[in-house]
Amino acid sequence: MQEFLLLIRTEGDVWTSLSPQKLQEHIAKGTDYIGRLMKEGKLKSAAPLDKGSRIITESNGLIKDGPFNEAKEVIAGYFHITANDINEAVEIAKSNPIFTDIPTKIEVHLMKAIGG
Amino acid sequence: MATQIISKLIDHLFRHESGKIVSVLTRIFGAENLDLAEDVMQDSLIEAMNQWDYKGVPENPSAWLFKVAKNKALNILNRNKYKRQYSSDVIHYMRSEWTAEPAMNHLFSEKEILDDQLRMMFTCCHPSISKDSQVALALKTLCGFSIPEIARAFLTTEENIKKRLVRARQKIRELKIAFEVPSGVSLEDRLHAVLETIYLLFNEGYSASKGNDLVRYELCEEAIRLSEIIVSHEAVKDRSNVYAILALMYLNACRFTARTDDMGRILTMAEQNRSLWDLALMQKGFNYLEKSTAYKGLSTYHILAAISAHHCAAPNFESTDWKGILSLYDSLARIDSSPVVLLNRSIALSRVFGVSKALEQLEQLRDKPAMASYHLFYSTEAEFYIQINEFQKACTSLKKAINLSPLESEKELLKDKLNSCLEKMS
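Chains A and B are the protein sequences, given in the same order.
In terms of the working numbering, the numbers along the first sequence are unbroken and rise by one, the last being 116.
In terms of the working numbering, the numbers along the second sequence are unbroken and rise by one, the last being 1426.
Please note: incorrect hints may appear among the correct ones.
[Unchecked claim] If the Cβ cut is set under 7 Å, some of the chain A residues that face chain B in the computed set are: (1) T31; (2) G35; (3) A46; (4) P48.
[What the hints assert, rightly or not] Computed cross-link-like contacts, SDA-like style, restricted to lysine to any residue with a CA-CA straight-line distance of at most 20 Å: (5) K1163/B / S1128/B; (6) K42/A / D1089/B; (7) K1131/B / R1190/B; (8) K42/A / E1097/B; (9) K42/A / E1110/B; (10) K22/A / E1097/B; (11) K1176/B / D1089/B; (12) K39/A / A1100/B; (13) K1111/B / G35/A; (14) K39/A / A1235/B; (15) K1296/B / D1238/B; (16) K42/A / N1105/B; (17) K39/A / K1111/B; (18) K1111/B / E40/A; (19) K1072/B / T31/A; (20) K72/A / T10/A; (21) K1400/B / E1390/B; (22) K44/A / N1105/B; (23) K42/A / A1100/B; (24) K1284/B / H1233/B; (25) K72/A / E107/A; (26) K1400/B / A1372/B; (27) K44/A / S1096/B; (28) K1284/B / H1311/B; (29) K29/A / A1100/B; (30) K44/A / E1097/B; (31) K39/A / E1112/B; (32) K51/A / E1097/B; (33) K39/A / E1110/B; (34) K44/A / V1090/B; (35) K51/A / S1096/B; (36) K44/A / A1100/B; (37) K44/A / H1092/B; (38) K39/A / D1089/B; (39) K44/A / S1109/B; (40) K1399/B / K1424/B.
Please keep in mind that the hints were generated in silico from the structure rather than gathered at the bench.
Treat the numbers as computed from the prediction; the structure is a model and nothing was measured.
Using N, Cα and C, we set each Cβ at its ideal position, and we do this for glycine too.
Produce the complete structure using the sequences and hints provided.
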């Protein structure tokens, strides 16, 4: 069993473009999806990320922090899951119902384990 | 709608639902927050009662109750975010907007509920908690009994039960007792402690003429229900002693209603109307007894169940296989040679080898501390004397038994016997 970090990238404030009814349907689909992962014992944790992210950069030996540019693209949230291999993790990411409602990219990262 | 009817519905129909909810909530909050789980359950019941009184009982009251409990739990977790510490392994799911609701639904699924009830049993029956407190806590959390009901079942005060519960919860917090089913080698020992408590619960209900019959029968039913949860669980299934304790309880429970007459007086095995025995329960008992012999291990429960099976199998008192029963008591005495076992064995002894042998056995028990003040020792002795027409001696024993018996109803029965002995002498 390997662990994966799934980052959900969306464009800015996409949620506000959904009608209240659409949003509700979207939440119901998401609840089902997450419930299924939980039942299969594959979900370690998942959470949406809030606004106000900061980004820390270094230039010429100076470490600076500043706002994360949220206008264009944001990390809407993350999933920490377990899967047999990256192919299964990709399949899990593909079945995320977010794709049907919102322009999304999901990054699938294998988390390196000790000795792995 | 009459509040009384609704409150009765909540009392009885939802007793088990409440046990499920408290178990799941304890999984969510952690064992150290058991009191919080009980409070949320209580609040949910009150809300149900108010709503249903006003709007009528919904179609699926259980689901309704689960939903209220889920919402209340989530509210509390959000409200107390920084105040309480929760040790549970699922608490992080409750902190995230994405996972809180699915996790709540998942934890309230059938399989998880079953797991949590089993976890609750192991937590309630932790060996560092006193047996009295274990039983009270199991009844409160798993069986949905109220404090007055527990007090009534144990013929003690509500204050006393409250103290036992407080002590039990304190122990759980102090020792950080985990909410889990133990694994590996410790499972055997811990399961043994759980079964002991369940058997204690059953006996409390079954033991003669104590308190209200209805409450007592419910204790027996609960003991059986908890054992059925254990036996149905992957982690502990196919254990010989679990099957044996179930056999023992069913083979006794099937005779429950036949044990007393209309006046609530206890009838001896010879006096019971065997057509009142519940054959469906008896059959379950025999099935479990068979299963208990299919797996390795021999416990006192096996032997006691086999003794009960002999009584159940006899169409009438006269055809009881006393030789078989005596040899089982011999095996039992090799594992547990306590005076109470030997006292019970003496009855089988009297049937097989005659009353004088049985009286010899009683002579050896007379000085044991457990017997000197035990009314059943003297009433058994009196019974033997009556059988050999030694009425003078029977009267002496009966008088001691009457003095020592803790219960009025039993005293009455013994006094009747004393009078008939006195008549026979005159």
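Taking the hints in turn, this is what the structure says about them:
1. T31: Status holds, d = 5 Å.
2. G35: With Cβ-Cβ at 4 Å, under 7 Å, it holds.
3. A46: 5 Å, holds
4. P48: 6 Å, holds
5. K1163/B / S1128/B: Between K1163/B and S1128/B the Cα gap is close to 16 Å, so the pair holds against 20 Å.
6. K42/A / D1089/B: Given pair K42/A, D1089/B holds - Cα atoms ~15 Å apart, limit 20 Å.
7. K1131/B / R1190/B: 13 Å, holds
8. K42/A / E1097/B: Holds, at about 18 Å.
9. K42/A / E1110/B: Holds, at about 19 Å.
10. K22/A / E1097/B: Between K22/A and E1097/B the Cα gap is close to 18 Å, so the pair holds against 20 Å.
11. K1176/B / D1089/B: 14 Å, holds
12. K39/A / A1100/B: 14 Å, holds
13. K1111/B / G35/A: Roughly 14 Å separates the two Cα atoms, so the pair holds.
14. K39/A / A1235/B: Holds, at about 18 Å.
15. K1296/B / D1238/B: Distance of about 10 Å is within 20 Å: holds.
16. K42/A / N1105/B: 16 Å, holds
17. K39/A / K1111/B: 10 Å, holds
18. K1111/B / E40/A: 13 Å, holds
19. K1072/B / T31/A: 19 Å, holds
20. K72/A / T10/A: 9 Å, holds
21. K1400/B / E1390/B: 16 Å, holds
22. K44/A / N1105/B: Distance of about 16 Å is within 20 Å: holds.
23. K42/A / A1100/B: 16 Å, holds
24. K1284/B / H1233/B: Distance ~18 Å between K1284/B and H1233/B Cα, so the pair holds.
25. K72/A / E107/A: Given that 20 Å is the threshold and the Cα spacing comes to 17 Å, the pair holds.
26. K1400/B / A1372/B: 10 Å, holds
27. K44/A / S1096/B: 12 Å, holds
28. K1284/B / H1311/B: 15 Å, holds
29. K29/A / A1100/B: Holds: K29/A and A1100/B sit about 14 Å apart, inside 20 Å.
30. K44/A / E1097/B: 15 Å, holds
31. K39/A / E1112/B: The hint holds at about 10 Å.
32. K51/A / E1097/B: Measuring from Cα to Cα gives roughly 14 Å; hence the hint holds.
33. K39/A / E1110/B: 12 Å, holds
34. K44/A / V1090/B: 10 Å, holds
35. K51/A / S1096/B: 15 Å, holds
36. K44/A / A1100/B: Roughly 13 Å separates the two Cα atoms, so the pair holds.
37. K44/A / H1092/B: Holds: K44/A and H1092/B sit about 9 Å apart, inside 20 Å.
38. K39/A / D1089/B: This hinted pair holds, its Cα atoms lying about 15 Å apart.
39. K44/A / S1109/B: 18 Å, holds
40. K1399/B / K1424/B: 16 Å, holds
Against the hints set out earlier in the document, no violation occurs for any number.
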